[in-house]
Amino acid sequence: MAFRIEKQKTTSTPYVLIDEEKSYMKLEGRCFHEKVAEFFKDVNDWLDSYLASNFSLFTFDCKIDYFNSSTTKLLLNMLLKMDKHASADKKIIVNWITTQNNSIIIECGEDFKEDMNNLEFNLVIKYDVNHFLR
Amino acid sequence: MAQFNIRQYNEMLDSNSIKVIYSGPIWSSGIDGIAEMLLKRLEFDDISLNASQAVFSIFVEQMNNIMMYSADKERKTSSEGDSLEVSKGIFILGIKDAKYFIQCGNVVTEYSAQILKTRIDHLNTLDKKGLRQYYKQQLHAENDNPESKGAGIGLIEIARRASAPIEYKLEPYSEGLHYFTMYITVQQGGNE
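Going down the list, the sequences are from chains A and Y. Residues in the first sequence are numbered from 1 upward in steps of one, following my numbering. Residues in the second sequence are numbered from 135 upward in steps of one, following my numbering.
Hints are computed from structural coordinates only; laboratory data are not their basis. Please note that the accuracy of each hint is not assured.
[Unchecked claim] Some chain Y residues close to chain A (C-beta under 7 angstroms, calculated; not the full set):
| # | residue |
| --- | --- |
| 1 | E170 |
| 2 | L173 |
| 3 | E177 |
| 4 | V194 |
[As the list claims (entries may be wrong)] Which bits of chain A does chain Y cover? Going by a derived footprint, with three or more residues having C-beta under 8 angstroms, they are:
| # | segment |
| --- | --- |
| 5 | 2-14 |
| 6 | 32-43 |
| 7 | 75-83 |
[Said to hold, decoys possible] If you anchor each label on the Cβ, the simulated ranges turn out as follows:
| # | chain 1 | residue 1 | chain 2 | residue 2 | range |
| --- | --- | --- | --- | --- | --- |
| 8 | A | T11 | Y | E309 | 38 to 44 angstroms |
| 9 | Y | K153 | A | R134 | 17 to 23 angstroms |
| 10 | Y | M146 | A | I93 | 34 to 40 angstroms |
| 11 | A | Q100 | Y | P159 | 45 to 51 angstroms |
| 12 | A | D42 | Y | K303 | 41 to 47 angstroms |
| 13 | Y | E208 | A | S87 | 31 to 37 angstroms |
| 14 | A | D42 | Y | K153 | 36 to 42 angstroms |
| 15 | Y | E214 | A | D48 | 23 to 29 angstroms |
Backbone N, C-alpha and C define an ideal beta-carbon position, used for all residues, glycine too.
Let the hints inform the model, and build the full structure from the sequences given.
See below:
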């Protein structure tokens, strides 16, 4: 059976969805959990085995309104791992989704994009209300 | 023993324009409770997203810093066998002249004091562009070193979000220890 994880968001952790059947992963909300590596352990474990498998297209929607410095490190690590596995046969699309007034996340997306060589990294800037505080 | 004068204390906070104060245990298991309170305050203030994010980000990294560097710690093992660590620290948020000021304090060892001093002094020589580059560079350096707990980038994050250089003080506390305070301001209109 295809792997699936769905975790609802909390004050310090984002909504997480992995739907292997659809080759899809999504993060949404805030992330500043003290033990972020522990929180993302199952996601990372799955990602390792999935990236090594034969897939043709994988999409990751990352819509995080705020994350702390340890999470930045973890996200970069995750993206570098995806980038290493991406190729013409294994296409990976990352949509970095934020709002036009969220300059912190936009800057971070620009910096991450520069580090990506093989995957498609889209900076998606929406013109709507940011929910960082909620 | 005379009772602690809470009214006087409250008036002192008011006269110094202090809106939020937290003093006490900072749990390694999470800061969700204090964070919720701060998010509510920022929502109430209704300032630019830029400024509220800057204040919140500085708060989160300061809490992390206290947990990492505080020399005033208690440890115990929970009934489930998880190791819990409590650090003692203080955090203040105030508003003065359309600026937020964020202050935190904790006890540090001589060793940590030297690290903090070297790192902050260096950060204060960089402008916003330089800080962005340095952050990126350190992020990659730490990515190559899985043992690192990420203390370096937390401080850079604070410097990036601050509207002015980081002000800090290291005062002698007791044998081999210092009291570390950090003072940071954020323009209510945001940095740009």
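Results for each hint:
Because the smallest distance between the Cβ of E170 of chain Y and any Cβ of chain A comes to about 6 angstroms, under 7 angstroms, the interface hint for this residue holds. Proximity of L173 of chain Y to chain A holds as hinted, the smallest CB-CB distance being about 5 angstroms (cut-off 7 angstroms). For E177 of chain Y, the shortest C-beta to C-beta distance to chain A is roughly 4 angstroms, which falls under 7 angstroms, so the interface hint holds. Evaluation of the V194 of chain Y hint against chain A yields a held restraint, the C-beta minimum of about 5 angstroms falling below 7 angstroms.
Interface restraint, the segment 2-14 of chain A with chain Y: holds (3 residues with C-beta to C-beta distance below 8 angstroms; minimum three). Only residues whose beta carbon comes within less than 8 angstroms of a beta carbon in chain Y count, and the segment 32-43 of chain A has 4; three or more means the coverage holds. Against chain Y, the segment 75-83 of chain A contributes 3 residues with a C-beta closer than 8 angstroms to a partner C-beta. That satisfies the three-residue criterion, and the hint holds. Against the hinted window of 38 to 44 angstroms, the Cβ-Cβ separation of T11 of chain A and E309 of chain Y comes to about 39 angstroms, which satisfies the hint.
Hint check: K153 of chain Y to R134 of chain A, Cβ distance near 20 angstroms, so the stated range 17 to 23 angstroms holds. Distance hint for M146 of chain Y and I93 of chain A: a CB-CB separation of about 55 angstroms, inconsistent with the stated range 34 to 40 angstroms. For the pair Q100 of chain A and P159 of chain Y, the beta carbons lie near 39 angstroms from each other, so the given range of 45 to 51 angstroms is not met. In this structure, D42 of chain A and K303 of chain Y meet the distance hint of 41 to 47 angstroms, their C-beta atoms being roughly 43 angstroms apart.
Distance hint check for E208 of chain Y and S87 of chain A: the Cβ-Cβ separation is about 51 angstroms, which falls outside the suggested range of 31 to 37 angstroms. Between D42 of chain A and K153 of chain Y the beta carbon distance is about 39 angstroms. The supplied range of 36 to 42 angstroms therefore holds. At roughly 27 angstroms, the beta carbons of E214 of chain Y and D48 of chain A sit within the given window of 23 to 29 angstroms.
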